[in-house]
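First to last, the protein sequences are chains A and B. Counted the way the working numbering counts, the first sequence spans residues 1 to 304. Counted the way the working numbering counts, the second sequence spans residues 1 to 275.
It cannot be assumed that every hint is accurate.
Claimed, not checked - Derived list of chain A stretches under chain B, where covered just means 3 residues or more per stretch with a C-beta under 8 Å from a C-beta of chain B:
hint	segment
1	44-56
2	124-133
3	197-208
4	223-235
Unchecked claim - Here are the computed distance ranges between Cβ atoms for each label pair:
hint	chain 1	residue 1	chain 2	residue 2	range
5	A	ASP252	B	ALA129	30 to 36 Å
6	A	TRP195	B	CYS175	29 to 35 Å
7	B	GLN219	A	LEU83	38 to 44 Å
8	A	LEU203	B	GLN219	48 to 54 Å
9	B	ARG179	A	TYR28	34 to 40 Å
10	B	PHE60	A	LEU203	49 to 55 Å
Keep in mind that the hints were calculated from the coordinates and are not lab data. Glycine residues also receive a C-beta, built at the ideal position from the N, C-alpha and C atoms.
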Amino acid sequence: MAFTRREGVRALLWLSPWLVGIAIFFVYPLASTVYFSFHRYDLFTLEFIGLDNWRYAFSDPRLLQSGLNTLWLVVFMVPAQVLFALGVAQLLTKVKSGSSLLRTLFYLPSLVPTVAGTVAFVYLLNPATGPVNQVLSWIGITGPDWFGSAAWAKPSLTLLALWGAGNTVMIFLAALLDVPKHLYEAAAIDGAGAWRQFRDITLPVISPVLMFSAVTGVIYAVQYFTQAMIASRVASGATDSAGTSFTPGYPDGALLTLPQHLFQTGFRDWSMGLACVHALLLFAVSMVFTLVLLRQFSRAEAAS
Amino acid sequence: MRRRRGLVWIARHAIAIALSLMFLGPVVFIVLTALMTDEQALTSRLWPDQWNWGNFAEVFARSELLTWTANTFLYASLATIFMLMSSIPAAYALSRFRFRGSKVAFLVVISAMMLPPQVVAVPIYLVWARLGLTDSLWPLILPMLFGDAFSIFLLRQFLITIPRDYTDAARVDGCSDLRILLTIILPMARPAIAAVALFSFFYCWNDYYGPLLYAGVDQEGWTLSLGLATFKAFHSVQWNLTMAATLLVTAPVIVVFLFAQKVFIEGVTLTGVKG
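So here's chain A without its partners, still in its complex pose:
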């Protein structure tokens, strides 16, 4: 495959708007973020302060807490969502009656706007009038305080994530239906049971899709912002129309994620230099997972 110069020039021409965009919205701000991280900046005064922002960030207990919360989402919420979606997709391949109705049913909640879904879940799980705890009480279980308790707040968000997993279910379902039938037939003749068929045929064939889903899931978990912010806000009853004070993380910082802490620091407290330190930490974390994904892509491209 020879590269021709003429084709290169044409590609450059066609890519130029996007290249300008990358320069303005990716390269420049990233470099600028590094610069600001060594400065104190509040929109009015800019002052070089060396490593003070970095030193402060690493002694900030809320940064540690927000980092641990984000880590919790990566370690528990993402695997829960992937496994759940895989289970549902597997079930959908087996259940024949009413399967298109079931598909629509499982997919629809993933379309509910994020804010609407979160507000609804805070209501459904509220301990006073919420239906979930009442239904639980019918069978003699005293439900927890869900979004009001530090221990249950993140599991509550995980429930919300499972409810909205329809997207992933559809992706897995397509992958599962793509597995060649004759492989299963051959395995069945050899006497392989359902579990062995799943482990030795299904998993290897769909593993690229699974991997892709897990990595993008992790990247979205690292960015997790809206659901946590809304849940804190609605459950605590606070507003955030500027001027009033709302500190994200209710209850007890249990829902404070790294992007929220950054937002609060930069755009509510206007400590923009410090926020840039948070931004670079967030960048480092997301880069690790992006590299995993990139490696996978180069492998797939090489294979095709």
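The hints should help you fit chain B onto chain A, whose structure is shown.
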């Protein structure tokens, strides 16, 4: 053997029914609550004593719901149109031309797609502030003129599946790139373009972080997400009104889905397959 298969069949269907109830349950309770009277919403009775359809009108009367809907619609449709104008040519170049650096360009697309928006928020905010465009939705719309990484990625994944022979033949006949794009690529890529447009529209419709950063304090300039997020705070004990508002925000999305179901499912599959 027969009996065992029967049991498996029953187990599967039982699980399917239980799951359906879990997926459907929240919606049922939301609808029931949205139709309760103010007094009943304070109690723990789950079935409405009387059906209070007026709640929906009440939401319109007590909030700027129509203004928010108009703002959200303007944001989502302009952003989507701009995105298509800028992303289709970029995806075309990435999928059709052989040039030094095409691999690197694709890796940059993926990196940009995976970059959390909060990472570069501070410098970009400062630029918009200097231009006097904060307190509006323009900082969310105008960048779409320069291409959106996720859309470029998806379009490119689809376009590489169109055999080169089609475009090579046209090139031999002396077709320009623009004509190839318009007359050959666009018609073939219609499902992918529709999917990308829908995703973009929905992303904007749902976006909370962007408007929270830029829309300002004046409710007149808010989007549905911003409005709904504060709705509960202003009507604190009235869960019935909050649920009615939630349904009103969700309804358009569901309606669009029912009309464009195929586009959605195809699009979703497109996001997952290549990897």
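Right, here's what the structure says about each hint:
Residue count for the segment 44-56 of chain A with a Cβ under 8 Å from a Cβ of chain B: 0. That is fewer than the three needed, and the coverage hint is violated. Against chain B, the segment 124-133 of chain A contributes 5 residues with a C-beta closer than 8 Å to a partner C-beta. That satisfies the three-residue criterion, and the hint holds. With 1 residues bearing a CB less than 8 Å from a CB of chain B, the segment 197-208 of chain A misses the requirement of three and the coverage assertion fails. Only residues whose C-beta sits within less than 8 Å of a C-beta in chain B count toward coverage, and the segment 223-235 of chain A has 7 of them, enough to reach three; the restraint holds.
Taken as a hint, the range 30 to 36 Å holds for the pair A/ASP252 and B/ALA129, whose Cβ atoms sit roughly 34 Å apart. Under the hint 29 to 35 Å, the C-beta atoms of A/TRP195 and B/CYS175, about 55 Å apart, miss the expected range. Distance hint for B/GLN219 and A/LEU83: a CB-CB separation of about 42 Å, consistent with the stated range 38 to 44 Å. At roughly 51 Å, the beta-carbon separation of A/LEU203 and B/GLN219 lies within the given 48 to 54 Å, and the hint holds.
The given range of 34 to 40 Å is respected by B/ARG179 and A/TYR28, whose C-beta atoms sit roughly 35 Å from each other. In this structure, B/PHE60 and A/LEU203 meet the distance hint of 49 to 55 Å, their C-beta atoms being roughly 51 Å apart.
Of the numbered hints listed earlier, those contradicted by the structure are 1, 3, 6.
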